[in-house]
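Listed below, chain by chain, are the residues.
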Amino acid sequence: MLRRLGASDHRFRALQFRAGLNILVADTANGSRDTDSRNGAGKSSMIELIHFMLGERSEPKSLPRQAVLQKVEFNLTLDWPRLPEPVTVHRSGERHTWVRLHPAPSGVDQGQLDLGTGAVRNTEWQRLIERDLFNLPEQHDGVSGRNLLSFLIRRVSSAGYVSAVHGHVRQADHDAATNLAYLFGLDHHLADRYRALRARENARQQMQKAAQDPLMGRIIGKVADLRSEIALAERRVAELQGQVDNFHVVPEYEHLRRRADDVDQAIRRLIARDTADRRNLEDVERALQEAIEPDISYLEPVYGQLGVILGGQVRRRFDEVEAFHHSVVRNRRRYLEEERDTVRQRLADSEAERGRLGAQLAATLRTLEEGGALSALTTLQQVLGEQRATLSALQHRYEAAQALESTRREITQARLSLQDEMNRDIEDRRGFVDEATVLFSDFARALYGSDRSAYLRFEAAPNSLRIEPHIQSDNSGGIGSMVIFCFDLTLAVLAHRAGRAPDFLVHDSHLFDGVDERQLAAALGLAARTAEREGLQYIISMNSDDLDKAGRRGFDATPYRLPEQLTDRYEDGGLFGFRF
Amino acid sequence: MITPTKGIAPQRALVVVGAQVLQLLDRPMTVSQTWARLKEWRSGHGHHAPLPFWWFVLSLDVLYALGVLELDRDLLRRRQANAAPAGGE
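If you read the sequences in order, they're chains A and B. If you read the first sequence in my numbering, its first letter stands for residue 1, the second for the next number, and so on. If you read the second sequence in my numbering, its first letter stands for residue 581, the second for the next number, and so on.
Among these hints, one or two may not hold up.
Said to hold, decoys possible - Interface residues of chain A toward chain B, partial, derived using beta-carbon atoms under 10 Å:
hint	residue
1	Asp283
2	Gln289
3	Leu306
4	Arg315
5	His325
6	Ser327
7	Val329
It is worth saying that the hints were derived from the structure and are not from the lab. Yeah, the Cβ is synthetic: ideal placement off N, Cα and C, and Gly gets one too.
Here chain B stands alone, though its shape is the one from the complex (with noise of 0.2 Å):
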């Protein structure tokens, strides 16, 4: 699910839709703007394969886990791996 399988075509598995929204998310936005920019950008790189909107929150659940995505008053944005976590540990 998250790296491609046998059932998991790359270009749906969880890091690589992740790579692609931390790649759009050159700036904090709501999450709909990011969910919109997303399916603009794969449609526009050729990347037809069916992405529901879970699959989406999925991938930014495996970004938030890695420590390089945070929800801050309702805005997503990126942050350094290394950098302490928000809240928590």
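Next up, chain A with everything else stripped away, as it sits in the complex (with noise of 0.2 Å):
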């Protein structure tokens, strides 16, 4: 229950409230001018004013936090489940993101506390509404103390009273149903899969659309041609996996292909040298068989010739030049021996030393052949784990692509599946669904008689839990608000009694707007009945000449009009003493 609404300012006309029909009057004051209105005496403020109490996330344009209220700090009294006396809760606009809470309730988290003042993050404070207010357990994806507050206090600014399954104008269908479907005691797990679905479909819509842009579509590509990329992928990833394991390194391996170089070098630089060789003994061999010659008869018929051609100029005897002859013979053949041998023992060095040297460059070719260097096996490991990313990218994208073309069909067989279970859940769940409906229809009569027909039904819709409330309709006007507030009150009734919101139901002036007086008098009558059967509080405002009609009508509102009354004086008549 609400108890007291006030404000640190003290022009603030604080508010209390008692249990049953609370109705917050607001009156045309005597000598006001034809020219003003109610309007912005403050009704819907209230309304604002109790919604930022209990947690609501301030916008900047939001009344509190108007220039001349932010540092304004107000305060919200209220009954707090389990505890022995009513919590009262201070929120200023000027530091909205915190509030005070005196005295707090137990299993407040200390890490969301503000040390030096007490204060509690809004956040805790939503945190702790949702577990004490509307007992909802850690776990409740889709149902928020927000979501659910705003059909227990409806207001105008955000147009909760255009569609009584929307708490707000901005909800979404899924959203506003799941809140329901907890208030009424259905399962909202399986209605807050429909939210779940819907997150899905879209990001399906997203991507199918991303994948369709010529750009996009290339990085997530279609699932045929990935399959085949893939199987190229592997095949590399294996080969150059049984690269690496049977790669064997070779300790210094730039050295011995150094070595075997030189040693190559060598043997070629020996072979050039005995070809050269080998043409010189030839040479030498022919030249010794020559010299053998051992007639020497020619020398003489030369000398003859010589000195009958050159005559004078003869200057050596003919036994001197035998003798230069034969010395010449004898060292020359010496001499051919001489090379001969030299060269032939160059020769039989030379292939001990080719023998030698191509032993010992098979053993480093072996050796080379059988590895390779170590910083060849680094590379072909950073190769693998290249292609290892790349194959593991094409595998993510394959996924990702056959994910994408094949949500559609999940997304439909979950939607009809989801159905087909809510529809059993219904089912199921009848005595709830009865409870309700028989409630509202009960409601429905007490306002328009019971010739109207009038049926709350519950229904499992492809998109989302589908709850539609129904008057029978005559065009009467004001038929829509009535259906809203039939709506509210059945459902305060049935999730209050089973534990799952708390007691009171807030409504705005407005909700009477275009009613008919009968049916006004009516609804504040079952307001005040219900309220009382049932432990609600239930808090409406009213201009005074609605509530004048309703007494027409024989409603008397006496015992349940608050004692503090709005007038539209203009200085000081509002909710906030003073204009603004």
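Both chains are given apart, each in its own frame, so use the hints to dock them into the complex.
Below is the structure:
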């Protein structure tokens, strides 16, 4: 039960609430001009403030954050489950992310406490409201205290009186239905799955749009293309893996390779030299054979001819020439033999050296053939890593593409099965559903009499749980408002009975705009009776002339009027005690 | 034989071969070194007529007889024809 709405500003008209029906009256003051209106007296402001005190996330344009009000600290006192005395919450527009609670309910998260002032973060206050006022479990996806409160305290400013099944105009169908399902005692988990499906559907549509884009499409790709790319990538990975597994590291690979090159060079040089040597050897051997020529009988005729031809030119005697000749031929033979032996020795040495070098080269080459350098292995492993990353990226894209191509079908199937499940659940909870229907129709009859058909229908639609309140209409004005009235009253009664909601229900005077005075009087009477019977608190703001109309139809408002009365008197008649 | 005749081509005549030897003998050389250089020079200058070793030795004999060549400690060297002959005379 809400007990008191106050403010630190002394001009504020603090409102004391009682159990049962509470009517906040906005009056036309004596002497006010006809052009003055009661708009701005503060009826809607009361509702804005109650929301603000109950943890609403405050927008910069909201009422408590107006320049003239933001220093004012408002307070709301309300009964708290399992606490002997009421809790008072303080909050100002200036410091709207914090609230002060007195006394603090048990289980306040210490981490959310501002130790300097004892204030608690607004988000923690929201959590406490969900836990204690609405009995929500820790996990409550899709249901939130703020959304539930938007049904119990409807606001004109967020078009709360447009549709019975939406707490405010921006609430999505599945969102509203999930919260209503909780209040009505249906399976809100099931109802919330609509939300999850909706989110998936949205994501799928976005992705599909993206995939149709020529550029983005490349990022995702087609399942078939990706499959073959993956096959190729897998083979590359396997090949590389095999190479890495069989790799044998040769220490000092580069050094060995240089040595092999050097040996090879040496062998080539030897071969070149040998070729020259063999040719020389042949020459020498041929020369030797020629030098063996023993016959020197030709010397004499030559010498004779020399003397004939050159006459006095010949300086040497024949025997000297003969001695010279022998000397040359003898030496020549020795030279040639020496040379031949040297060359033969060199060839033999070279062959041995070549044999040695050849064996060395073969061994080195075998080592090199068997393995590779450590750096080569590192490079190989790096390439393998890259290929693996590519493969895994491809696999992710494949999964994404596959998911994209199959989700449409999946979502449709999930939706159908959810619809089935939801319908079964409604059938299983026939008791709750019937109770709600009966209650709603009772309320409608109390307003319009028993000749109008009225029902509340629960049905699993493809996209959300559909809750449909209906009162047969003869086009009389304000029937939509009365549907909301009956719906909210049903909701508040059932939720409160089951302990799923606090005991208050707040309506704005706009609810009764254009409502026939007979229904007005009947509604107020019904509200008073129901509130008393169910232990509810029903707070409504009302213009004094509407109340007069109800009075004429036999509704006595006297016991329900709040002592504080708002007027449109210019200076100080409103809720805040001053105009701004 | 020494000079070209009907049977001896000019490039085989002993004076010609001897001139070639003298020309190559710019420093003292062994017999085989001289022989090798002569063959090299002849093939390099288009003298393809066969030249056996003994013919080469004969050309050396001519040069010696003329006093323009001597054998000194196994090295052939040129000498001036008008200088005093080594040993003998």
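Status of the histidine 325 of chain A interface restraint (C-beta, 10 Å, chain B): holds, 5 Å
Status of the valine 329 of chain A interface restraint (C-beta, 10 Å, chain B): holds, 6 Å
Cut-off 10 Å, beta-carbon criterion: hint that leucine 306 of chain A touches chain B: At about 6 Å, which falls below the 10 Å cut-off, the nearest Cβ of chain B leaves the hint on leucine 306 of chain A intact, so it holds.
The hint names aspartate 283 of chain A as touching chain B; please verify it with the least Cβ-Cβ distance against 10 Å. holds, 8 Å
When the nearest CB of chain B is found for arginine 315 of chain A, is that gap smaller than 10 Å? Since chain B brings a Cβ to about 3 Å from arginine 315 of chain A, closer than 10 Å, the hint holds.
Would you settle whether the hint for serine 327 of chain A is holds or violated, based on the nearest Cβ-Cβ distance to chain B being less than 10 Å? holds, 6 Å
Taking the least C-beta to C-beta distance, is glutamine 289 of chain A closer than 10 Å to chain B? Check passed: Cβ of glutamine 289 of chain A comes within 9 Å of chain B, closer than 10 Å.
Violated hints: none; the structure is consistent with every hint.
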